[in-house]
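Mind docking chain L on chain B? Use the hints.
2 protein chains.
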Amino acid sequence: MNSHRYCVVMCGGVGSRFWPFSRNDKPKQFLDFFGTGKSLLQLTVERILPVVGIENVILVTNRQYRDIIIEQLPGVKESNILLEPARRNTAPCICWAAHHILALDPEASIVTLPSDHLVLKEDAFRQAISEGLDFVENGPRLLTLGIQPTNPNTGYGYIQQGSGVEGWPGIRKVKTFTEKPNLEMAKMFLDSGEFFWNSGIFIWTAKTILNAFGKYCPEIGNIFDAPDATYSAPGEESFINEAFPGSPSISIDYAIMEKADNVFVKTVDLGWSDLGTWNALYETSPQDEQGNASQNCKVIAPDCSGSMFAVGGDKVIVAAGLKDFIVADNGNALLICPRADEQKIRQIVNEVKTTFGENFV
Amino acid sequence: MNSHRYCVVMCGGVGSRFWPFSRNDKPKQFLDFFGTGKSLLQLTVERILPVVGIENVILVTNRQYRDIIIEQLPGVKESNILLEPARRNTAPCICWAAHHILALDPEASIVTLPSDHLVLKEDAFRQAISEGLDFVENGPRLLTLGIQPTNPNTGYGYIQQGSGVEGWPGIRKVKTFTEKPNLEMAKMFLDSGEFFWNSGIFIWTAKTILNAFGKYCPEIGNIFDAPDATYSAPGEESFINEAFPGSPSISIDYAIMEKADNVFVKTVDLGWSDLGTWNALYETSPQDEQGNASQNCKVIAPDCSGSMFAVGGDKVIVAAGLKDFIVADNGNALLICPRADEQKIRQIVNEVKTTFGENFV
Numbered sequence: 054m055n056s057h058r059y060c061v062v063m064c065g066g067v068g069s070r071f072w073p074f075s076r077n078d079k080p081k082q083f084l085d086f087f088g089t090g091k092s093l094l095q096l097t098v099e100r101i102l103p104v105v106g107i108e109n110v111i112l113v114t115n116r117q118y119r120d121i122i123i124e125q126l127p128g129v130k131e132s133n134i135l136l137e138p139a140r141r142n143t144a145p146c147i148c149w150a151a152h153h154i155l156a157l158d159p160e161a162s163i164v165t166l167p168s169d170h171l172v173l174k175e176d177a178f179r180q181a182i183s184e185g186l187d188f189v190e191n192g193p194r195l196l197t198l199g200i201q202p203t204n205p206n207t208g209y210g211y212i213q214q215g216s217g218v219e220g221w222p223g224i225r226k227v228k229t230f231t232e233k234p235n236l237e238m239a240k241m242f243l244d245s246g247e248f249f250w251n252s253g254i255f256i257w258t259a260k261t262i263l264n265a266f267g268k269y270c271p272e273i274g275n276i277f278d279a280p281d282a283t284y285s286a287p288g289e290e291s292f293i294n295e296a297f298p299g300s301p302s303i304s305i306d307y308a309i310m311e312k313a314d315n316v317f318v319k320t321v322d323l324g325w326s327d328l329g330t331w332n333a334l335y336e337t338s339p340q341d342e343q344g345n346a347s348q349n350c351k352v353i354a355p356d357c358s359g360s361m362f363a364v365g366g367d368k369v370i371v372a373a374g375l376k377d378f379i380v381a382d383n384g385n386a387l388l389i390c391p392r393a394d395e396q397k398i399r400q401i402v403n404e405v406k407t408t409f410g411e412n413f414v
Numbered sequence: 054m055n056s057h058r059y060c061v062v063m064c065g066g067v068g069s070r071f072w073p074f075s076r077n078d079k080p081k082q083f084l085d086f087f088g089t090g091k092s093l094l095q096l097t098v099e100r101i102l103p104v105v106g107i108e109n110v111i112l113v114t115n116r117q118y119r120d121i122i123i124e125q126l127p128g129v130k131e132s133n134i135l136l137e138p139a140r141r142n143t144a145p146c147i148c149w150a151a152h153h154i155l156a157l158d159p160e161a162s163i164v165t166l167p168s169d170h171l172v173l174k175e176d177a178f179r180q181a182i183s184e185g186l187d188f189v190e191n192g193p194r195l196l197t198l199g200i201q202p203t204n205p206n207t208g209y210g211y212i213q214q215g216s217g218v219e220g221w222p223g224i225r226k227v228k229t230f231t232e233k234p235n236l237e238m239a240k241m242f243l244d245s246g247e248f249f250w251n252s253g254i255f256i257w258t259a260k261t262i263l264n265a266f267g268k269y270c271p272e273i274g275n276i277f278d279a280p281d282a283t284y285s286a287p288g289e290e291s292f293i294n295e296a297f298p299g300s301p302s303i304s305i306d307y308a309i310m311e312k313a314d315n316v317f318v319k320t321v322d323l324g325w326s327d328l329g330t331w332n333a334l335y336e337t338s339p340q341d342e343q344g345n346a347s348q349n350c351k352v353i354a355p356d357c358s359g360s361m362f363a364v365g366g367d368k369v370i371v372a373a374g375l376k377d378f379i380v381a382d383n384g385n386a387l388l389i390c391p392r393a394d395e396q397k398i399r400q401i402v403n404e405v406k407t408t409f410g411e412n413f414v
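Heads up: the protein sequence lines correspond to chains B and L, in order. Position 77 of the first sequence, counted from 1, bears residue number 130 in the working numbering, the numbering being contiguous throughout. Position 249 of the second sequence, counted from 1, bears residue number 302 in the working numbering, the numbering being contiguous throughout.
For reference, chain B alone in the conformation it holds in the complex (with noise of 0.2 Å):
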């Protein structure tokens, strides 16, 4: 294993459209989300231990979350786990964590992953990573993976590929990046051949992503560009904690990469979800005739169809008459919405704390 490799795990999000199983206080991430007896967070960091050593694995998170991080990786150093002081979306989470592995080691590449994907081909993903590392680690470039669509999602951003790359097949230019598209453009990027969606897995070198910084997003950049012995030493923590919560809350694809000119996408086929959306769950659930989805759960369900069912525990569920909804019922809330629905999830999640308290969300 090559040691110059690291590995970023952001695991600091609260995945509201997840309520009521994803909790201010235990997010998606952390949830054994598929009965496995592991949490989303684990699979991930299994996941990549063939090609990163465990002792190269930085999680950044939460300040919150210190605790369940360390319960759920006991082999984890605790200096590995970087507690965010602020919710400040990924650019910071990952000006940061670039510093302190350069401070660890000069030659350093990186693979950035979220904690909260479901990946179904786990030797593809690992091919895909190795091969992306070679190709960071051969010149100044920030690459993504992009996934093949199979279909018009409108809750994905996706990547318009360009020319390719001589020497690497699977590798081509970034042309554009599109955010969220509606169904219409969606059809189109779908039917066009040239769009994939926007993965937010993301490899370089921990040099590329901060040369990267300066020159694209300097309002970040500066806020990191600590004193020599800062990072990865004892005043690591005191700097973070003062400087963080000054940086802008931006995502690192509106800092960087929507910007940079060296950006490209390698194009994978992962059997990949984000799990953003309880939507996203049904789409790869197993479905029954009636095309209803259950997780993990016991359900009886006559006159119902189209329809995803989740509860937290051992617990019957029986609905009829409910035709393509989501019901989710854990802890102490349950939520019965429209699949067509979902996107009121957020909203709503504030409504409840709002009206009812911080205890329910």
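These are computed hints drawn from the structure, not numbers from a lab. Please note that a few of the clues may not be correct.
Identical chains blur together in the list; that is why a pair holds if it fits in one copy or across any two.
[Stated by the list, open to error] Capping the alpha-carbon separation at 20 Å, the derived lysine to any residue pairs in SDA-like fashion look like this:
#: 1; residue 1: Lys268; residue 2: Asp278
#: 2; residue 1: Lys376; residue 2: Leu136
#: 3; residue 1: Lys368; residue 2: Ser69
#: 4; residue 1: Lys368; residue 2: Asn385
#: 5; residue 1: Lys368; residue 2: Asn383
#: 6; residue 1: Lys233; residue 2: Lys406
#: 7; residue 1: Lys228; residue 2: Ile276
#: 8; residue 1: Lys226; residue 2: Glu184
#: 9; residue 1: Lys233; residue 2: Lys376
#: 10; residue 1: Lys351; residue 2: Gly384
#: 11; residue 1: Lys376; residue 2: Gly68
#: 12; residue 1: Lys376; residue 2: Pro339
#: 13; residue 1: Lys376; residue 2: Asp356
#: 14; residue 1: Lys376; residue 2: Asp278
#: 15; residue 1: Lys351; residue 2: Asn383
#: 16; residue 1: Lys240; residue 2: Gly344
#: 17; residue 1: Lys268; residue 2: Pro127
#: 18; residue 1: Lys351; residue 2: Gly410
#: 19; residue 1: Lys368; residue 2: Lys406
#: 20; residue 1: Lys351; residue 2: Asn403
#: 21; residue 1: Lys79; residue 2: Asp322
#: 22; residue 1: Lys226; residue 2: Gln213
#: 23; residue 1: Lys406; residue 2: Gly366
#: 24; residue 1: Lys260; residue 2: Glu219
#: 25; residue 1: Lys351; residue 2: Thr407
#: 26; residue 1: Lys228; residue 2: Ala346
#: 27; residue 1: Lys130; residue 2: Val218
Using the frame of chain B, we list chain L on its own:
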């Protein structure tokens, strides 16, 4: 208070139509249905106490509910709790209780009450019971309370009233009993003004009802026709454990009321519901502008109408897009069902039991 007056409270039912609130190990009569801090059984006993002293209140229930009754009614002597060794509907229960009471007091008159009904007009209720007891103490009469119907409910039995009784205003001979009619017939009943809902509240003396068993239902009467000094005596329990399971399982209506020629009805307005079904509860619950009712719970219900929400414990329900549904969540079971389909609940409960086990019903 007339010390010859007794009350029999029948509290051995399983109330499966109220699943998942009503459970085998704690049926609806033992639940604090309205969040008042008292169970329906406790409310039932309190309601009758100004008419019948606590020492004359006899509870008849299934063996398995002994402990819960002792817990809920600490003022009741254990010797006043009659424990059925098997479920045999209301006729054997009433026959046993009458023998038990007759042995205590040959002059006893008895009002028999279900333990799981709602009565809003408690004064009217007590006055009707008192007048009814006066009536049956003046001759060999079987009296039932008939409720002025407010809608063509197809879930109730109906009583057709006949001629009046001189000197007893509000009491009339019964012409016919009719089991749950279809909607068309229920509408005719309502329009005629001659029909009343069968409340299941019966009034008679111990002697009169036992004579009626001998005459109209000897197959039960004979089973309970024990030697002197059996009832309300040390040998009662073993006699009952031996004899009771051999009784046919039939209702008092079928065994006696539909056959006897000395049956009368006292018509009353009690603010009564048998709370037999979720719809019955829905009808008696306050509704918001969209016709949604909630039982003691936290609900956010965009685009919902005509629906009933009930939850056990401190829990939030978020429901969107439900029209005329029942949502009932309690313990390890969740029911979501169109209100129009509630007659299927009993059958669904059986399916739950068969498929997932006793633990869920």
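Hint by hint, here is what the structure shows:
For the homomeric pair Lys268 and Asp278, the shortest alpha-carbon distance inside one copy (13 Å) is at most 20 Å, but the shortest distance between copies (101 Å) is not. With identical chains, the CA atoms of Lys376 and Leu136 are never at most 20 Å apart, being 43 Å at best within one copy and 46 Å at best between copies. Within a single copy, Lys368 and Ser69 get their C-alpha atoms only as close as 23 Å, which misses the 20 Å cut-off; across copies the closest is 18 Å, which meets it. In this assembly of identical chains, Lys368 and Asn385 lie within 20 Å of each other by CA distance both inside one copy and across copies; the values are 13 Å within and 4 Å between.
In the homo-oligomer, the alpha carbons of Lys368 and Asn383 lie at most 20 Å apart both inside one protomer (10 Å) and across protomers (10 Å), since each shortest distance falls under that limit. Within a single copy, Lys233 and Lys406 get their C-alpha atoms no closer than 27 Å, and across copies no closer than 46 Å, so neither meets the 20 Å cut-off. Proximity of Lys228 to Ile276 under the C-alpha cut-off of 20 Å is found in neither arrangement, the shortest distances being 29 Å within a copy and 91 Å between copies. In this homomeric assembly, Lys226 and Glu184 come within 20 Å of each other (Cα to Cα) only inside a single copy, at 16 Å, whereas the closest approach across copies is 93 Å.
Taking identical chains as interchangeable, the C-alpha atoms of Lys233 and Lys376 are never at most 20 Å apart, the minima being 26 Å within one chain and 32 Å between chains. Within a single copy, Lys351 and Gly384 get their C-alpha atoms as close as 16 Å, and across copies as close as 14 Å, so both meet the 20 Å cut-off. When the C-alpha separation of Lys376 and Gly68 is checked against a cutoff of 20 Å, the pair qualifies neither within a copy, at 25 Å, nor between copies, at 29 Å. Proximity of Lys376 to Pro339 under the C-alpha cut-off of 20 Å is restricted to the intra-copy arrangement: shortest distance 17 Å within a copy versus 28 Å between copies.
Taking identical chains as interchangeable, the C-alpha atoms of Lys376 and Asp356 lie at most 20 Å apart whether they share a chain (8 Å) or sit on different chains (15 Å). For the homomeric pair Lys376 and Asp278, neither the shortest alpha-carbon distance inside one copy (54 Å) nor that between copies (58 Å) is at most 20 Å. Within a single copy, Lys351 and Asn383 get their C-alpha atoms as close as 14 Å, and across copies as close as 15 Å, so both meet the 20 Å cut-off. Taking the shortest alpha-carbon separations for Lys240 and Gly344, neither the intra-copy value of 23 Å nor the inter-copy value of 41 Å comes in at or below 20 Å.
Taking CA atoms no more than 20 Å apart as the test, Lys268 paired with Pro127 passes in neither setting, with 38 Å inside one copy and 79 Å between copies. Proximity of Lys351 to Gly410 under the C-alpha cut-off of 20 Å is restricted to the inter-copy arrangement: shortest distance 11 Å between copies versus 30 Å within a copy. For the homomeric pair Lys368 and Lys406, the shortest alpha-carbon distance between copies (13 Å) is at most 20 Å, but the shortest distance inside one copy (25 Å) is not. In the homo-oligomer, the alpha carbons of Lys351 and Asn403 lie at most 20 Å apart only across protomers (15 Å), although the nearest pairing inside one protomer, at 29 Å, exceeds that limit.
For the homomeric pair Lys79 and Asp322, neither the shortest alpha-carbon distance inside one copy (30 Å) nor that between copies (53 Å) is at most 20 Å. For the homomeric pair Lys226 and Gln213, the shortest alpha-carbon distance inside one copy (9 Å) is at most 20 Å, but the shortest distance between copies (87 Å) is not. Taking CA atoms no more than 20 Å apart as the test, Lys406 paired with Gly366 passes between copies only; the shortest distance there is 18 Å, against 23 Å inside one copy. In the homo-oligomer, the alpha carbons of Lys260 and Glu219 never lie at most 20 Å apart, since the shortest distance is 23 Å inside one protomer and 105 Å across protomers.
For a Cα distance limit of 20 Å, the shortest separation of Lys351 from Thr407 across copies, 12 Å, qualifies, whereas the shortest one inside one copy, 32 Å, does not. Within a single copy, Lys228 and Ala346 get their C-alpha atoms no closer than 38 Å, and across copies no closer than 55 Å, so neither meets the 20 Å cut-off. Neither within a single protomer nor between protomers do Lys130 and Val218 lie at most 20 Å apart by alpha-carbon distance, with minima of 38 Å and 91 Å respectively.
Checked against the numbered hints above, the structure breaks hints 2, 6, 7, 9, 11, 14, 16, 17, 21, 24, 26 and 27 and satisfies the rest.
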